[in-house]
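Protein chains in written order, with this note's numbering: chain F, 1 to 202; chain R, 1 to 306.
None of the hints are false.
Here are the simulated EDC-like pairs of lysine to aspartate or glutamate, each with C-alpha atoms no more than 20 Å apart in a straight line:
| id | chain 1 | residue 1 | chain 2 | residue 2 |
| --- | --- | --- | --- | --- |
| 1 | R | Lys66 | F | Asp142 |
| 2 | R | Lys36 | F | Asp116 |
| 3 | R | Lys37 | R | Asp71 |
| 4 | R | Lys66 | F | Asp138 |
No wet-lab data here; the hints were simulated from the structure. As the structure is a computational prediction, the values presented were derived from the model and not from experiment.
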Amino acid sequence: MAEPALGAPTPGALMSADDVARVVDRVAHQLIERAAARGGVPGADAAADGGLSDLVLVGIPTRGAPLARRLASRIEAFTGTAIDVGTVDITLYRDDLRLRGVRALEDTRLPDAGIDGRLVVLVDDVLFSGRSVRAALDALRDLGRPRAVQLAVLVDRGHRELPIRADYVGKNVPTSRSQQVKVKLVETDGVDQVVVSDGAGA
Amino acid sequence: MKRHLLEAADLDLADATLVLDTAAQIDAALAGREVKKLPTLRGRTVVNLFYEDSTRTRISFELAAKRLSADVINFSAKGSSVSKGESLKDTALTLEAMGSDAIVVRHGASGAPHRLAQWVRGSVVNAGDGTHEHPTQALLDAYTIRQRLGRLDGVRVVLVGDVLHSRVARSNVWLLSTLGAEVTVVAPPTLVPVGVGSWPVRVSYDLDAVLPEADVVMMLRVQAERMNASFFPSAREYSRRYGLDARRMELLHDDAIVMHPGPMNRGMEIAAEVADSVRSTIVEQVGNGVSVRMAVLYLLLGGAPE
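Start from the sequences, fold in the hints, and give me the full structure.
In structure tokens form, the structure reads like this:
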């Protein structure tokens, strides 16, 4: 993908709190529909809940974790089925550790039922180079063997450096490479908002 | 974090807490996993440079480095060119020329890791130098206390025994007081170091008097190999006055724990029934050592080279 700076959004607020809530609702519905279309894994339980018991939402810290929890609570609100949620810290799997300073680690927590044989949907805030997702895939490989892995992101801003794409996208934003896309969430930043700014100094 | 880990006295509250938190996250991330390995330090080389004997520290560092996917070279002075008279400096420069990124050093001379840190470009981790310091032992002790008691601030820790020769005691005194614990040192007068007045500790010579107050009792090994004079009349008398036996354990309150850095002299500073009791964290300490050393290696080597 080569986005010309021409199509880049003007700096400022890209999504409001309402937009974020709408997008989370939409992705939650998409997850429900796909699960129903799959028919779930063979077995009575799975069929009864529309294939949702198969699903595990795994957030990538920092902001993927609260997003995964929100998606799970929306799916539960729409269908009445509780969804397993986890987080996977990818710091120790990053390929740019030697390019940056050392970072503090965040939580890695998986549901008690584990991820073996289930459908894992990785959840992150912004999809950019794809390197975080690759690191998360490496981490998952050490944690178990899911039946399949999918990816849900709030914002896809392009400029992939790896052959990775998202299965569920909240909003596609063709940015210029020098811009910064910052997702803010109530849980971590006190406000729901997506902001685009110019330059690295922002 | 600094580039080296030479002494616990170097660590401020933020750094020490960062190491403990990182160790806890690593513990949680690896718990219940089939593949207990992380790719973090792939392609890095860690040299274990041991001039003194060690079981748990060397194995623990080796395992920690391997779990982070670093390459590990174990070097013990016995059977190397050191027995032909090669100096510490030449040995270190040789190892570095072969591409080591970190040197974990244990040496009989206090201060050897500091000298080493001036000669090499990589990181140096002190794994025990003479009677000076053993910082990773103190970190794993602090981690164990926090795990068992849920806090470090205000915890009353009693260090008992051969304080004079104990690098574990020195490191624990500095680290635990940085972390907010109240440390008391109990030893025969002959085994209390001269400079103890400048330490952030209380000194007592009466073990029975301090035990009811203690949250943590840390027994120190009587280091016979470093004793070039007689510091107490007999092992029996030492054991009677400063050993932790079943009767003394009864003096502790219900939640208090008993620690020992190992190796133990069972029957001397600690009775077998105490070492094997539910209060004892001795086996946990060994397990926690791997997580804490992984955290140290990650924090020293994981980031960008300076």
